Amino acid sequence: MQRLLFIIQKEFIQIFRNKGMLPLITVVPIVQLIVLSFAASNEVKDVNLAIVDLDHSQYARELVHKIEVADRFILVDFPPATRHGDERLQDGTVDIVLTIPPDFEQDFFKNKGAAVQLLVNAINGQQATVGAAYLSTIVRDFNQEIQQDVLPVRRLAAGAPRIEIASSNWFNEELNYQYFMAPGIMGELVTILVMLLTAMNIVRERELGTIEQINVTPIKKWQFILGKMIPFLIVGLILLTVGLTAGKLIFDVPFRGSLWVIFAYCLVNLAAVLGLGLFISNISDTQQQALLTTFFFVIIFILLSGLFTPIESMPTWAQYLTVPNPIAHFVHVMRSVLLKGSTFGDVLYNFKVTAVLVVVFNVLAVSSYRKVV
Amino acid sequence: MIVTNDISKSYAGTPALAGINFSVQKGELFGLIGPDGAGKSTLFKILTTLLRPATGMARVAGFDTVKDYRSIRKIIGYMPGRFSLYQDLSVLENLTFFATVFGTTMAANYHLIEEIYLQLEPFKNRRAGQLSGGMKQKLALCCALIHEPQVLFLDEPTTGVDAVSRNEFWIMLKRLKAHGITILVSTPYMDEANRCDRIALMQEGRIMQMDTPENMVTSYRKSLLAVRTNHFYALIQDLRNNPTVERVEPFGEYLHLTSQAEMDPQLIHDYLLARGHTAIEVKPVTASIEDVFLDLLEATPG
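First to last, the sequence lines map onto chains A and B. Under this note's numbering, think of the first position of the first sequence as 1, with each following residue one higher. Under this note's numbering, think of the first position of the second sequence as 1, with each following residue one higher.
Be aware that a few hints might be false.
Only pairs whose alpha carbons sit at most 25 Å apart, straight line, appear in this in silico DSS-like list of lysine-lysine [said to hold, decoys possible]: (1) 136(B) x 19(A); (2) 220(A) x 74(B); (3) 26(B) x 67(B); (4) 74(B) x 26(B); (5) 124(B) x 136(B); (6) 136(B) x 174(B); (7) 67(B) x 220(A); (8) 26(B) x 177(B); (9) 221(A) x 74(B); (10) 66(A) x 45(A); (11) 136(B) x 74(B); (12) 26(B) x 174(B); (13) 248(A) x 340(A); (14) 221(A) x 67(B); (15) 74(B) x 177(B); (16) 340(A) x 352(A); (17) 19(A) x 124(B); (18) 222(B) x 283(B).
Keep in mind that the hints were calculated from the coordinates and are not lab data. All values reported here derive from a predicted model rather than from experimental measurement.
This is chain A alone, in the form it adopts within the complex (with noise of 0.2 Å):
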């Protein structure tokens, strides 16, 4: 027991001996907190549009100007002819070009039903579909009111009942997109540095030629594994706690459940991570290897975690991914514990598969380390 309080205190020393450690663990996720929370955001804004109307009519015109009053497009340009539209589209200047068709107003009136055009440049996928919905719902109600307008008649007779879609956002009415970002960053953070620090650690002691100086003493496998792994939790939980400071104090993120609850699955994450840290940190041979298999596990652990894209509009074998992975977990009770409230009982399914996978990658870890070649 003693041996290995001394393998921790040794490996603290070293850690905050280290001149890049200190930022690493305060400044840096501040940065990442702020930078990553203000741009990744999901609305979707300022689509550039370029209108089409072959028509001049009045409703052409109403039409248009209710598409001027909302927030979400810049009109860029009213091209004269579908072939200057297409051009727009072409040299990707607008997102989407709107046509009115000639007689737009004529064959609203004949009752033959009137049509317009929406071509989208659907290479910015969110902007283009997006946007391109905004739209249709503006030329829906547009219709609805033109119905009413001109032909109110026609529309008692059929006695067609409307219905209104009246929504309210649960949980973030303001939709605010700090309040969804900055938790989900937060765990992402804790995750991701964690997991390098460990990577880089036991390889570096190989490079450095003193684990062959260790492997020779009496030191036991689980006094060294254990010994590295306690000082980087409370390196994480330190990480968390910087975090959630900030993320109080600059976004005044809502913190509605338990931090325990949060704490607690910090922990048990951070054991998973660890050990899978460990893992790689075993099957290198150099720093540089490690970092690059890292790499690999962190990108897909990122872009597979829901915290930039939705997990439910994954299909379906990429769904099966994220449950072996730490970070959508942990970006899933981060949200939901922040900002939705949720008790231990409601994230109890995160737990129970996190701690699968601690003892998944601590049996890996402690099994590829090896003292003897």
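We have chain A already, so just place chain B on it with the hints.
Quick look at chain B alone, frame taken from chain A:
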């Protein structure tokens, strides 16, 4: 104290050790002498339980290096060829750490390291990475001694260390020997061989000869002459063309000539004079370990 029985080991098909047999008595200072790549470090790793031999077995203090590795690790001190202490820890922190790891304290075995530690003491709060080569080596020796090992393994401890520190180091080893510690040391420097009780000359994974340094030199039967003139390069050429000379090797400012038959210094002198050499000096010399080693190299096929 150390016994090996036909140890072999290869790395990816290249043999590093091929049938090593040797034994070291308790309290002996035994030297493994050989150039880089002779297999010295591999042998050390096997004896310190870091590597499993492919064939054969080894015992340290009666314990099998594969089966009883735990027992061995408690009673040996190992100083790897490369400086392997924590460079970001101070001298004192390194010592305390290794003492604790072995379940002891610095105070308990201070008598063993006292002499060496006194030289380190002025730097005790300096990081190990910032020490000079000689100081690093002393610290490494201290760390290997801190738990009072029965056997000390020193893999090329004097490589990259200045001549004065090397000399000091060998004096320290003599003192440790007096404490009854068995010491196995390797070195690529032939001139250090005389400091050992017994030596084994290693080359390409084999032990070529094993004896006391004195016996090894006196058993050298060939005649040996040291020669120098003012034309060093031409001298090598000319002597190699002389039929009575078997081997010509540069030894500092002299050339060493070896021959199975007796060589007459006067004849060599005349031979060189006839080829236009001036300032000729020819003298008989007694063999050094290096002569023995080079001779053995020649005798070994391959």
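Which of the numbered hints are not met once you compare them with the structure shown?
When the structure is compared with the hints, none of them turns out to be violated.
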